[in-house]
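Student: Sequence:
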Amino acid sequence: MSISSNLKKIKHLNLISLLKLDKFQTQMILTVVVALLAVTNLLLTGVSLRIDLSQGQAYTLSPATKKLLGKMKEQVTIQFFASSNLPTRLQPLRSNVVDLLREYERQSGKVQVKIVDPDKDTVAGQKAQSTGIPQLQFSQMEQDKFAVSKAYFGILVNQGDKKEIIPQVTEVESLEYNLTSAVYKLTRQELPKIGIIGDEVGLSLGQDPLSVVRQLLSKQFYVSALNIATGSADEKISSSYKSLLVFDSPQKEYTDLDIKAINDYLNGGGTAILFANGLNITENLQIAPARHRFSDILKNYGIIIQENLLLSTSAELVNFGNDVVSFLTPYPFWLKTNVFNPSSSNFSNINQLTYPWVSSITVSKVQDVAVKELVKTTTQTWEQKSSFNLNPQEIKQPQEKDLKQYVITAEAEKKGGGHIVVVGSSRFLLDRYLSRDTNNLDFVLNVLSTMASGGELAGIHQRAVSFYPLPDLPQSQKDFFKYANILLLPALFAVYGAFRLIKRK
-4 MSISSNLKKI KHLNLISLLK LDKFQTQMIL TVVVALLAVT NLLLTGVSLR
46 IDLSQGQAYT LSPATKKLLG KMKEQVTIQF FASSNLPTRL QPLRSNVVDL
96 LREYERQSGK VQVKIVDPDK DTVAGQKAQS TGIPQLQFSQ MEQDKFAVSK
146 AYFGILVNQG DKKEIIPQVT EVESLEYNLT SAVYKLTRQE LPKIGIIGDE
196 VGLSLGQDPL SVVRQLLSKQ FYVSALNIAT GSADEKISSS YKSLLVFDSP
246 QKEYTDLDIK AINDYLNGGG TAILFANGLN ITENLQIAPA RHRFSDILKN
296 YGIIIQENLL LSTSAELVNF GNDVVSFLTP YPFWLKTNVF NPSSSNFSNI
346 NQLTYPWVSS ITVSKVQDVA VKELVKTTTQ TWEQKSSFNL NPQEIKQPQE
396 KDLKQYVITA EAEKKGGGHI VVVGSSRFLL DRYLSRDTNN LDFVLNVLST
446 MASGGELAGI HQRAVSFYPL PDLPQSQKDF FKYANILLLP ALFAVYGAFR
496 LIKRK
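Per this note's numbering, residue -4 is the first one in the sequence shown, and the count goes up by one each step.
It is possible that part of the hints are untrue.
[Claimed, not checked] Straight-line distance between alpha carbons at most 25 Å, and here's what the computed DSS-like set of lysine-lysine pairs gives:
1. K371 - K396
2. K214 - K247
3. K188 - K255
4. K214 - K66
Calculated from the structure, these hints are not laboratory results.
Just need the whole structure built from these sequences, with the hints factored in.
Tutor: Structure (structure tokens):
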């Protein structure tokens, strides 16, 4: 027998048949597959792969947060106090919070996360109480009756002996900002100082029209009100203030001393955001000449606030009336816009801004000053300039030729010092005009973060996912989809059965 014939026999040799392993063939394949999966799982245990396909990367930490965590040198501990007896509706929220905290832990080796249950750990319960995290009271329907329960649902952030608390985590949208702000405060030796000018009238009356703003700013800045007066400590604004918020208040008339102090501060390299109209709008909606005299400051930066009020078809819904009669209507004087300068980093987490009673802004070239238009209205905008009527029921529809686009926020920076942002609405940040659907606060926080803290917390987005409901359908289409959903599956089975019956015959 030749060698070639032997090789042919070996080539056609079936080892499974030779060793009589036919009956074990399936089991062997399954065993090999399971073993491969086990080894692969073991090798990839330390590898984390996450793909965020949500709009705006809602489930991914913002670049500002990642940058801050990457620069941390001290250990920070985040403790989430979450009771086991949470109402059912809060269980998904608990999972979202835990997911976010784990992202912080994965991002930095200097962050340690602890999830504790005060209901099962009495020491944890005592610690929650001593640090200021309260027991929240919840009511829910159980067995056809309302039941009231108490539970902990707060966060404690520690760095050495310093601590920050988030007393209740009832929404996940702003949690990343609150957490990163807490870490920022704990890891900073000193917070940047922000001064506020123009709200002292409200404060003297026991009211704070900027309470929401102060609360948010205090998370990353030291905030104080400045009262510029002869002989006062603030007669000359200290360069220790990293930025100013300057408001045109209907009750305040700016003096020569005020304007000089602000000008001197800016000429020394200071920064400021100015909120002003070209006209004075009183609380009873009467129009008068402006009293802020900001033109003496703005002329050096090539910015002019016009003596007009803008109206737009893109308007905020406003509730008018009293306790007896009220109505909700789009109010053209409270315009909305999303027309932002794409080259500016101040809009990374901004979807929409609202401007109550806004004046337009014009910019011009000035030597050694870089001027930039930041925000414009939509093209469906018009103005009232000489004759004003703010009554929502008496606003006349504009002619097509009167519709145009206007600049309503601008930025200017002097070579060698002085950086300002001008907003054409004095009420842009006041508590009573803030809307949940707009990002006025986020925009100002972004600007201040850039001006006062090198952009440390700029651009932290709201951790929310947009919902896209189905459009309204006519009743005929609703009926079609309803009955199609009911009859489609039985019809498919009937067709399949008929096909099998015909095939047998």
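Student: Hints first: check each against the structure and report whether it holds.
Tutor: Hints versus structure:
no., hint, result
1, K371 - K396, "holds, 18 Å"
2, K214 - K247, "violated, 28 Å"
3, K188 - K255, "holds, 21 Å"
4, K214 - K66, "holds, 19 Å"
In summary, the one numbered hint that this structure violates is 2.
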